[in-house]
Structures are given as C-alpha cells and as structure tokens.
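Make a model of the complete structure from these sequences and hints.
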Amino acid sequence: MPAEFTAQKKKVKLADFQLAKELWPYIKPYLWMLIVSTALVFLITFFELLMPIFTQKAFDGFIIPIGPDQGIEMFGFAIADFKSLCILFGIFIVISFVIDFMQTLFMEYTGQKIILGLRCALFSHMTHLPVSYFDKNTSGRLVSRVAGDIENMNEMFTSILIFIFKDLLMMAGIFVILFTINPQLTFYLSILIPVIMISILFFSNILRDAFRTIRQKIAEINHSFSEAITGIKIIQTTSGKNSFMKRFQTLNFDHYTATLFQIRIFSIFMPFIGFLGVLSIAVIIWQGSFHVLDKSLTLGELVVFLTYMKLFFRPLRELAEKFNLLQSALASAERIVSILNTDKAKQRTSSSHNQIDSITRVEFDKINFSYEKENQVLKNISFSLEQGRSIGIVGQTGSGKSSIINLITGFYTQDNGNIMINNLNHNSIDIKDIRDKTALVMQDSLLFSGSIKENIRPSNGPTNEPATRSGHPSDEKRLKKALMDANCDFLFHKFDGLETMIKEGGRPLSSGEKQLVCIARAFAFNPDLIVFDEATSYMDSQSEQKVHDAMKKLMNGRLSIIIAHRLSTVRECDSIILLKKGAIREQGSHNELVALKGQYYHLLKKEKI
Amino acid sequence: MILVDSIQLIIPQIIKQAIDTLSLTSFDKRTLFFHCGIILFAGLFMAVLRYGWRNLLMGSARDVEKGIRNDLFRHILNLDMAYFDKVKTGDIMAHATSDINHIRMAFGFGLIVLVDTLLLGGATLTIMFWTHPKLTAIAMIPMPFLIIVTRVLGKKMHTFHRTAQESFSQLTELVRESFFGIRIIKVFNFEDSTGKRVETASKDYFKKNLKRAVVTALLRPLLGLFFNISTLVIIFYGGFLVMQKVLTPGELVAFIQYLSILAWPVIAIGWMTNLFQRGMASLKRINTLLDSLPQVCQPDNPKTPGFINPGIRFENVDFSYAKKTKTLSGINLTVGPGNKIGIIGPPGSGKTSLIQLIPRLYNTTCGNIFIDGFNVDDIDLELLRKTIALMPQESFLFSGTIRENIIMDQNIPRNEMDTILYTCALKETIDNMPDGLDTIVGERGITLSGGQKQRIALARTLIRKKPIIILDDPISQIDTHTAATIISRLNRLNLTSTIIIISHRISALASCDRIYILKNGKLEHFGTHEELIDSDRFYRESFSVQQFEEEDAG
Chain A
0 MPAEFTAQKK KVKLADFQLA KELWPYIKPY LWMLIVSTAL VFLITFFELL MPIFTQKAFD
60 GFIIPIGPDQ GIEMFGFAIA DFKSLCILFG IFIVISFVID FMQTLFMEYT GQKIILGLRC
120 ALFSHMTHLP VSYFDKNTSG RLVSRVAGDI ENMNEMFTSI LIFIFKDLLM MAGIFVILFT
180 INPQLTFYLS ILIPVIMISI LFFSNILRDA FRTIRQKIAE INHSFSEAIT GIKIIQTTSG
240 KNSFMKRFQT LNFDHYTATL FQIRIFSIFM PFIGFLGVLS IAVIIWQGSF HVLDKSLTLG
300 ELVVFLTYMK LFFRPLRELA EKFNLLQSAL ASAERIVSIL NTDKAKQRTS SSHNQIDSIT
360 RVEFDKINFS YEKENQVLKN ISFSLEQGRS IGIVGQTGSG KSSIINLITG FYTQDNGNIM
420 INNLNHNSID IKDIRDKTAL VMQDSLLFSG SIKENIRPSN GPTNEPATRS GHPSDEKRLK
480 KALMDANCDF LFHKFDGLET MIKEGGRPLS SGEKQLVCIA RAFAFNPDLI VFDEATSYMD
540 SQSEQKVHDA MKKLMNGRLS IIIAHRLSTV RECDSIILLK KGAIREQGSH NELVALKGQY
600 YHLLKKEKI
Chain Z
0 MILVDSIQLI IPQIIKQAID TLSLTSFDKR TLFFHCGIIL FAGLFMAVLR YGWRNLLMGS
60 ARDVEKGIRN DLFRHILNLD MAYFDKVKTG DIMAHATSDI NHIRMAFGFG LIVLVDTLLL
120 GGATLTIMFW THPKLTAIAM IPMPFLIIVT RVLGKKMHTF HRTAQESFSQ LTELVRESFF
180 GIRIIKVFNF EDSTGKRVET ASKDYFKKNL KRAVVTALLR PLLGLFFNIS TLVIIFYGGF
240 LVMQKVLTPG ELVAFIQYLS ILAWPVIAIG WMTNLFQRGM ASLKRINTLL DSLPQVCQPD
300 NPKTPGFINP GIRFENVDFS YAKKTKTLSG INLTVGPGNK IGIIGPPGSG KTSLIQLIPR
360 LYNTTCGNIF IDGFNVDDID LELLRKTIAL MPQESFLFSG TIRENIIMDQ NIPRNEMDTI
420 LYTCALKETI DNMPDGLDTI VGERGITLSG GQKQRIALAR TLIRKKPIII LDDPISQIDT
480 HTAATIISRL NRLNLTSTII IISHRISALA SCDRIYILKN GKLEHFGTHE ELIDSDRFYR
540 ESFSVQQFEE EDAG
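As given, the protein sequences belong to chains A and Z, one line each in that order. Numbering follows numbering that gives the first Met the number 0, in which position 395 of the first sequence is assigned residue number 394; successive positions increment by one, without gaps. Numbering follows numbering that gives the first Met the number 0, in which position 514 of the second sequence is assigned residue number 513; successive positions increment by one, without gaps.
Any given hint might turn out to be false.
Using 30 Å as the maximum straight-line C-alpha spacing, the simulated DSSO-like pairs for lysine-lysine come out as follows [unchecked claim]:
#1 A:K245 to Z:K385
#2 A:K112 to Z:K154
#3 Z:K385 to A:K112
#4 A:K365 to A:K596
The following residues of chain A were derived to be distant from chain Z, with all beta-carbon distances above 12 Å [what the hints assert, rightly or not]:
#5 P24
#6 F45
#7 F186
#8 Q235
#9 Q354
#10 N379
#11 S401
#12 M441
#13 M554
#14 G587
#15 L602
If you are wondering where the hints come from, they were derived from the structure by calculation, not from laboratory data. All C-beta atoms in this analysis are idealised placements derived from N, C-alpha and C, irrespective of residue type, glycine included.
Okay, structure coming up:
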C-alpha cells in the first residue's frame, strides 16, 4: 500500500572528534580498566615481538654456525645451549597465553560495561524527550537505536578500539625493531606509510557514508516489522498482504543495494593493502640481497627482517578488516549521539523553579496552539477550574479536545497565552510536580506487559515511599481498594487478581476491561487533578454507569477535567465547554447551556435521535 | 580464491630460492630480479582475484540475508492471531535484525574464513608434509588437542549465544513497548521505574553476554598457544636437523614461513568457531519462528464458492484463548443473506472474539461456522478474507497518507471514494487538513483524534464493498451528533452486504434486523429492538439509561 515512507530524511553526520567528546562521559568511569587493559596489550605486544628474536638467535647462535656449544647472550643472560633457549621460549609462550587471555576478558568486560551504561543512559534520555519527538519518530525506528545501534557500537568497544590500538602499537614496535636491524631497509618501508594513511582516509569517508545508509535502512526495516505486527488484523482482512510484502521487499532490496556498495568499496580496499604487503617484500628482498652481499647484513638478519615485515602487515590487514567494523560502529555512534543531543526541551527541572505541594487551581488564559505552523488547533482558549470542581469539554472529533490535555500535561507547549497552576505560571513549575499530581485516563487504554500490580503501581512510584515489597499487606490492600473503586472486581473472580499477568497489547483483557484497569491506575495514584480523555467510550451503558459512580467518588474534593464526545458524560460537570474547530463556542453549566438554547441545546436534541 | 591461496603459497617458495641463492654466496642479479618480479606479479594478481571473490562471497551473504528477511516478513504476514498472542513484537524484531545479522556474518566472513582456512591450511600442510614429513608430523602434535578444545568451547558458545539472544529479544520488546506507551509513562512519572526495568533487562543481557565473552576470550589465546608450541617444536627439532645437515637453512626458513602462514588459519579457526556458533544459534531461533505453523491454515481442498450476499451460521461454537477459561460457549446464531444484525453485551463478554472467528483470525475450539452452507474451515483462506471486511475495535493507521490508509492497495473510483467519505462524515475533516487526502499520518496516526482515526478505519472497511461487513464498535469514539449522521447515511447507502455490528450504543443497533445479547460468552437473548425492550433486562436497562440521559438532557 503506502508507496512512501515518512522516512528519516536526513542522515546523521558528525565529526569523529565531536563523537569522541560526546561519548567520553560514558567511557570515563571505566578509564582505569581501559588503562589496565592497554597495559596488558603492551605486554602482549612485547611478547609477540620477542618471538621472532628467539628464532633469529636460534639461527645465528646455534643452527647456522657449526657446533652447538658456542652459547649466546640474550637480555643479559648467557644461554649456554640450544635446549635451554627452547625451554626459555616455551616459558615465554605460556606466559603470553595467560596475559592474552586476561586481557581479552578484561577488555570484553569493560566494553560491555560501557555499553550497559550507554544503553541505560540513552533509554532514560529518550523517555525524557518531549512527546512530540515520539509523534514524529515511530517507535520501530527508535527501538532500532536502543537495541541495534548500541549493539553495533558494542563491537567498537569490545573488539575494535583496543585492537586497533594494539595493532598500531605493534606496527610501531615492529617499525622500531626493523629500524634497529637495518635502518636503510626500513627507510624503503617507510615510503609506504603515507600511501596507507591517505588510502585509509579516502576509504573511510566513502565507507562511513555507506554505513549511514545501511543503518538507516535497518531502522526502516525494524519499523516495517513493528507496524506489520501491530496492524496484522487489518493487513490480513483487507488483503493488503501482497502490497505490504512488496513494499517490504523494496525496502529490503534498498538495504541490500546499500550493503553491496559497501562490500564493493571494501573489496577494493582490502586487496589494495594486501598488495602493498607483497610489494614491500619484493622491494626488501631486492634491496636486502645487496646488503647481504656486501656483508652489512647477515642472512639471519634478512630472514628476521622479512619475518617482522610479515608481522608488520598482518596487523595492517586486521586493521583494515576492523576498520570496516569501526566505520559501521561510528555510523551507529552518530545516530546515538544525535539522540543524546536532542534537547530534553520543555522538560523543565526544578532547582530554581516554584514548588507545589498540590494542585488547587488550573487556569487557561488565552491559549493558542498548533502542532504545525499552518494548522491552528486551539484558538484563544480561556477557562479556570477550582478544587472540588469539574469541567467537561465536549465537541466533535478533531475539535481540539485532546490538545488541551497535551498542554496541561506538558506534552506540548502552547504557542502563546499562559497556563496557570495555583496562580503560578505553568512554565515555572517542575513538570514532574504537575504530573505527580495528575492522573490521565486515555481513550487508547494502554497497559504494559507485566502483572496488574506492576501496571497500576510500578516498584518506585512518584511518591517517596520505599519500593513496594511484594506481599506488603497495607500496600496490597490499597491497590485492591483502587481496583474495587474502579469496578475491577472481575479481576478477582475471572482472573488472578493483582497477580494477573498482562501480555503485550493488554491481552487477555477485553478493551472494556482494559479501560477499567486504566481507571484503577488513576485511582491508585490519588491525584489532585484527574483528566478523563474519552475514558468511557469503550464501555456499555451499564459499566459506564458503574464507572461514573466511581468517578464521582474520586472527583470529590479534586479538580477534574472530563473530555467526551457524548453530552451525557459531562452533564453533571460544574461547567461545560463546547469546543468547535479549536475555539470555545459555548461555556457554562448544563442548565445554563440548556437555557441558552444555543448549539449545546441543539446537539442535545439530536443526541436523542 | 583457490588461486589466491595457491599464489600465497608460492611466494615463500620464491623467497626460499632467493635466500638459498644468497647463502650460496653465488650472486646472480638477474635471478634475483626475476624472483622479485614474480613476487610482484603474484601480488598484483592476488589483489585482483581477492577483489573478485570478496565481492562474490560477501555479496551472496547479503543475498542470503535479504532472502531470509523477506521470508521472515512474509511468514509473519501469514501467521494467525493466536501466534501473536504468544510472541512479542520486540522478539520478532530482534529476529529480523540481530539474528539475521549473525547469520549473515557466519555466511559471509565465516565462509571466507572457512574456505581460507581449509585451502590455505590444507595446502600449506601438504607442502610442508612434502618438504619434510617428519618435521610436519612433529609440528602437528598439538593438533588433536586443538580440535578437542575447539569443539568443547564451541558447544558452550552455542548455548551462551542462544541465551544472550533471548535476553536481547526481551530487551528489545521492553524498549518497544515503552516507546509505544510513552504518554502514560510520562503522565504517571513512570520514567524512572521504566528506566529501571530496562536497566534490569540490560544487566541481564550484560551478564549473559559476559558468559559468552569468557568462552570467546579463552579460545583465541588458546589457539595462539597451540600455534606457538608448534613453532617451538619446529625450531627445536628443525634446528637439530640443520645442525646435522639434514636440512638446509633455507628449507628451515621456508618451513617457518609456511608455519607463519598457518598462523592465520589457526587464529581464523577461533574466529570462525565463534561466528559459526553465533550464526547457528541465531539460525535455530529464526527457524523456530519460520517453522511455527499458523493454526489457521489453508484447507487441503479449498473450496472457492462465489459469494454474493451470503448468510452466516454458527453451530455450537465454543472458543477459548487459553485452555483454562472459555470465552465463548455454545454459540448458535444465524444471519440471513443481506441481513443486518447487532451484538451487544457487557465488556469482556466475548463480542470481539465472536466476530474474529468468522474471517478465521482464530479457529474455533469446537463447533462450526458456515457461510452459505460452506464450513469456513474449508473455504480458500484468501477468498474467505476477501469476502469479509472487518473493522477491528482499535483503529490502527499505518504510516502513510490518509488515502493509502483507506484504499490500501485497491483502485477505487473517485466517485465511490467521495460517497464513502461523505458517509463517514470525513469530507469536511479531510478538507481541513493541510494536504487533504494526502496528509501523512504517523505511526498509529497519532496526530489525529480518536474519532478521526475511527472514521478513517470505517471508511477503509466500507470502501471494500465486501459481501460481509463486520464492524466492531465502529462509533465508540465518535461524538453522538456525528455518529447519528454516520448511521443514518449508512442506512441510506443501501448496502446489499450481510452486516454484523457490535456496539454499546443502542442507537447504532436500533435499525438491525435482529440484535443478539452476549453475556459471559453465551448468547442470552435475541430479537428486534422492540422485542428486546420487552424481554431482556440488560437491554431494557441499557436502553433506559441511554434514554434517561437524553430525556434528562431534553
């Protein structure tokens, strides 16, 4: 069906330096681990570099000269015979194994720790982003960041970063050794280095861009899956299956093409590095031979030189291979940092702000609001609400009723006008304080997977009570009471009461039952301000009556806002606002509005049918 | 690739010759030049070939990835509701990305490494064996140990990978669900507690990952150890052989060179074991998903009757989601051709479950449903679904334009579209939108109000002009005034289809030929509006509550 996606249009692009700066706080706590790890890497590198020296000594000291009894000197120790050299070698091997193992493990641990911290930080940052962010970005795409992209970075910390460091170190070490063996030959080798550098820079740019596209496509794929699963009923019953499949195939193919491009680039890069290796061997043999002939170089030294050169190119090859992963990880890092950089806008924190203990008054003063510039949703809305009073907002669908809620709860900010809470400006109060005192029952009843208990009272709720211990009697009683207040008694005889496990999408409860549980959740929070957004729309008249009783109980002594499309729902409110196309058409109590014989009265007549 | 590997093996031979030439101290510049030239040429040739096979192998790995992902998606579109009741969305998403990725790695890198290891390793070994069997045999002493260790560690890896992936799935689902319900999280200040839940899940994943890491971390250094032991043995034994003049120094150098070529395959074995185990664990997970057969499946001998305006008959239908509780029991219900029936009942009484059985979103537990005398279980599934237009209770909009959401993939003539938009009272609403019908609605159409979403969903259902139309609470979120307009326009549309409507609002049902009352999964009463007011208490009370409200208002 839909041919186009509301795609993430811009690819994220950031400088590596900036990336490093942003990620630094997450790496910093584990710095000492990284240092230890690096120290271990030094040791390993040292050991690895010593290995060929053993070979050389064996050749020059024992194998080539005739007679094994000459003895050689190594690190200031005199080694008497070939056998002890070999034993020494053996000990070396075992030690290097132990260090290598420790280092790998240590590194893996550190990397995973960093990732753990980063993932939690990212998630918590995201939950604090304004709701508009979630309206614009589909959850499928966002999930791919917390799950996929972080995972992708995982490799950067666990295997890539340190190994690149190690490989570079090793190459540097080898270079020094080569230099001590024969400066002149090394000189030829050093010509290669700028060539390698330039080619790495060149390829990294192209590769990164390719990976950006790939990661973006993966996010789209994730989104497709998420959407298909959520909308599966409609897909299956509207025969939209084939077009969905087609749409997905196109997307998947795009991803495939992007990956092929990356592969092509990379398969030029790798053999190129490989070729440089072979080229240098040829050059060294050619040049080295002359040195051997004029006796400025022993044959053993030439062999060692070649061995080290092999060692020089092996990390280079691995470096190139890891470089691929690094570019992929960096592309992911960019996406993560870009989220971390998204302002927690409008998410005001307390410190300098006014504190409120309870909400006693809410006032809207000439509020204008729009989601997008050209389309004004609310026009010049003013009303006030005192403690113990209720206000009903009615209007046709799309008249802006829900937008009023979006403003009170701070999901969005008005374009102009003021919202006053207890005569303090809404903006000057910590939004958390307001939400603490507010409960919302929405038209889409949303329950999270977990037990009913977890749903209506998560382990650390907003009040500063200690976390609920399971089976704590008074707490359990309180929750039971909340459920009873909301007419959720069906949970106890039809299901497992507080321990009823809710699965994804609120199963096994029916929509009406779900809504009742949502109302119970509002009860459990004992709020000052309650907002019912079409809360009773899924209910039959009899249940609705029960809920209305409970609602009345709850509304007593509190502020309440009831949004409904049915006039009967708001009839008993102290004041009723009739919204039309974002503006207040009529305002007053039920009797006043009836007496007015205006639109409200007109609608009331119609509702009777 | 074979060529590349064989060339790689020739190079040490040339080096050997060069060194042997040098150690003889008889120096021939031309021979040397010749040697270097060959090395250079071989290198160039290798580079070209490598480019080729890399492209080919990695490309085909991506091909595999693409294929699996398409299969997975198609499979998911075909699965039935009962499956999605059990499996979480986030879990499936993890399959589609993370697991497929692991399989690709195993296929791409894994295959390269495997071929590289086998060829390079095998050929090197052969040459080594050729030059000096005894030396080679001695160098291979650690081999059996190596194999045993790899196998043992590989098995462990497999298990740990699986548990890690499962944990990752759970994490994905938790994150997805949290983002989906972000408004509730915010307004109840659940941010911290949700953060904690994710942290716990992350920690669990961390722990399982670390377990895997211990095994992985052990493998590579261990392989390095074995390799180094081989080197030691060769130098020790080979050294003696040279001293005894059995071996030329050049031969020993070449031998060590060969051994250093082996270093790569040996390290690769470790890497490969890891990749393969991870890939296999993931493949198993995907296969489990792909093998899960929908309970609702195409009958063996699908019947393809042409339905014009069919009747529907339920015969002693029982249904339950879980074994424990029966959702529906003993349902007997007949809908005449072209009839319109209504269903009403308290929440949780099984209304939605009842109508979902007709297009076989679920299978009945026992009893049968017939459309025009054909058992739904025998009707071609595609045809069955094409016969029925169902509007689910919760309006779901796909990301795309409003037009796309309504027509899905059909071609709808303009005037029909206009009629339907008029019926659903959408015309004015849509005209007021910035891009009209081409306005893009986000995931779940979040920028629209509940009533707007519901009307779009209704339009999507009606425009299909199916012989059977099922509406599950179609006006619950629409204001009374608009709802009344829609219902009267709907009645005037003169649909020939057989229609089933669920609603709590009696006004929506009043015009039905027959209304059924469903309570606790059983049909209690049925009759026309007037009959039920006389005979059924629930109906009468509901009606009087709604009536009372309205009278009171008047």
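Hint-by-hint comparison with the structure:
1. The hinted pair formed by K245 (chain A) and K385 (chain Z) meets the criterion: a straight-line CA distance of about 19 Å does not exceed 30 Å.
2. Our distance criterion of 30 Å between C-alpha atoms is met by K112 (chain A) and K154 (chain Z), whose separation comes to about 25 Å.
3. Restraint check for K385 (chain Z) and K112 (chain A): the C-alpha separation of about 52 Å exceeds 30 Å, so the hint is violated.
4. Taking the CA atoms of K365 (chain A) and K596 (chain A), the gap is about 26 Å. The hint holds against a cut of 30 Å.
5. With 12 Å as the threshold on Cβ separation, the claim that P24 (chain A) sits away from chain Z holds: the shortest Cβ distance comes to roughly 17 Å.
6. Consistency note on F45 (chain A): stated as away from chain Z, and its beta-carbon is indeed over 12 Å from all of that chain's, at 15 Å minimum.
7. Non-interface call for F186 (chain A) relative to chain Z: holds, since the shortest CB-CB distance, roughly 18 Å, exceeds 12 Å.
8. For Q235 (chain A), the shortest C-beta to C-beta distance to chain Z comes to about 6 Å, within the 12 Å cut-off, and the non-interface label is violated.
9. No Cβ of chain Z approaches the Cβ of Q354 (chain A) within 12 Å, the least distance being about 15 Å, so the stated non-interface status holds.
10. Separation of N379 (chain A) from chain Z is adequate, the least Cβ-Cβ distance of about 18 Å exceeding the 12 Å criterion.
11. With a least beta-carbon separation of about 6 Å from chain Z, S401 (chain A) fails to lie farther than 12 Å from that chain, contradicting its non-interface assignment.
12. Non-interface call for M441 (chain A) relative to chain Z: violated, since the shortest CB-CB distance, roughly 7 Å, does not exceed 12 Å.
13. Against chain Z, the non-interface label of M554 (chain A) holds: every CB pair exceeds 12 Å, the least being about 18 Å.
14. No beta-carbon of chain Z comes within 12 Å of the beta-carbon of G587 (chain A); the shortest separation is about 15 Å.
15. The beta carbon of L602 (chain A) is not kept farther than 12 Å from every beta carbon of chain Z, the shortest such distance being approximately 5 Å.
In this structure, the earlier hints numbered 3, 8, 11, 12, 15 are contradicted, and the remaining ones agree with it.
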